[in-house]
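Work the whole structure out from these sequences, hints included.
The residues making up each chain are set out below.
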Amino acid sequence: AQSVSQHNHHVILSEAASLELGCNYSYGGTVNLFWYVQYPGQHLQLLLKYFSGDPLVKGIKGFEAEFIKSKFSFNLRKPSVQWSDTAEYFCASSGFQKLVFGTGTRLLVSP
Amino acid sequence: GAGVSQSPRYKVAKRGQDVALRCDPISGHVSLFWYQQALGQGPEFLTYFQNEAQLDKSGLPSDRFFAERPEGSVSTLKIQRTQQEDSAVYLCASREEGTAKLFFGSGTQLSVL
Chain A
231 AQSVSQHNHH VILSEAASLE LGCNYSYGGT VNLFWYVQYP GQHLQLLLKY
281 FSGDPLVKGI KGFEAEFIKS KFSFNLRKPS VQWSDTAEYF CASSGFQKLV
331 FGTGTRLLVS P
Chain B
62 GAGVSQSPRY KVAKRGQDVA LRCDPISGHV SLFWYQQALG QGPEFLTYFQ
112 NEAQLDKSGL PSDRFFAERP EGSVSTLKIQ RTQQEDSAVY LCASREEGTA
162 KLFFGSGTQL SVL
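Quick mapping for you: the protein sequence lines, in order, are chains A and B.
With the working numbering, letter number 99 in the first sequence gets 329, and the count goes up by one each step, no holes.
With the working numbering, letter number 101 in the second sequence gets 162, and the count goes up by one each step, no holes.
Hints may contain errors.
[As the list claims (entries may be wrong)] Computed footprint of chain A on chain B; a stretch qualifies when at least three of its residues, placed anywhere within it, have a C-beta under 8 Å from a C-beta of chain A:
| id | segment |
| --- | --- |
| 1 | 77-90 |
| 2 | 101-108 |
| 3 | 133-142 |
| 4 | 166-172 |
Hints are computed from structural coordinates only; laboratory data are not their basis.
All residues carry an ideal CB built from backbone N, CA and C; glycine is no exception.
What follows is the structure in structure tokens.
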């Protein structure tokens with residue numbers, strides 16, 4: 231069965247610190263991978279996605295993620311976080327049709 | 062419209078009451094999804110439509126949950142005889158064909174007392 235694991239539930243960082251959020255997926259077939267962000271009081275927005283090709287994917291707002299097939303991982307990174315990155319981050323995978331989400335990581339960036 | 066629109070934004074129901082949640086997808090989007098997001102959890106898939114056809118309803122938690130999209134655009138998620146465990150944010154999303162990108166609405170926060 232398709233599943234996504236996010237091991238960090240809460241992360242607290244100071245501004246300018248580097249960020250890496252872990253994501254592991256479980257799916258035997260061709261998989262599409264996503265990171266979504268939910269800012270306080272707002273709807274889910276797509277940060278970046280991976281379908282095929284270059285395993286290093288660049289998204290909006292300076293975020294990137296690396297698909298490592300051998301580790302079934304798709305970790306999200308940002309070299310230097312800002313206070314405005316405070317939000318909840320969801321990793322997701324899709325097989326045939328539906329999108330399956332992880333439980334999310336709540337990031338708090340202190341100024 | 063400019064985005065996926067859901068109404069109402071908030072709904073408070075007494076236990077046992079029936080509720081109906083509405084989703085207006087982005088015009089022209091063929092695929093529509095419903096998700097349930099409990100507090101502190103990620104969105105959980107409920108059901109999926111392609112046009113008016115409900116292709117997957119494997120995530121509906123019980124037969125009290127029913128979704129329809131009769132004309133292939135607006136969709137309604139109905140919950141009968143609501144229970145406290147139904148309290149959650151119900152998210153609707155529509156998909157842009159060709160990119161597999163989902164656009165989410167702001168959700169309906171349902172509180173069952």
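- prompt: What hint numbers does the structure not satisfy?
  reply: As far as the earlier hints go, 1 and 3 are violated by this structure, in ascending order.
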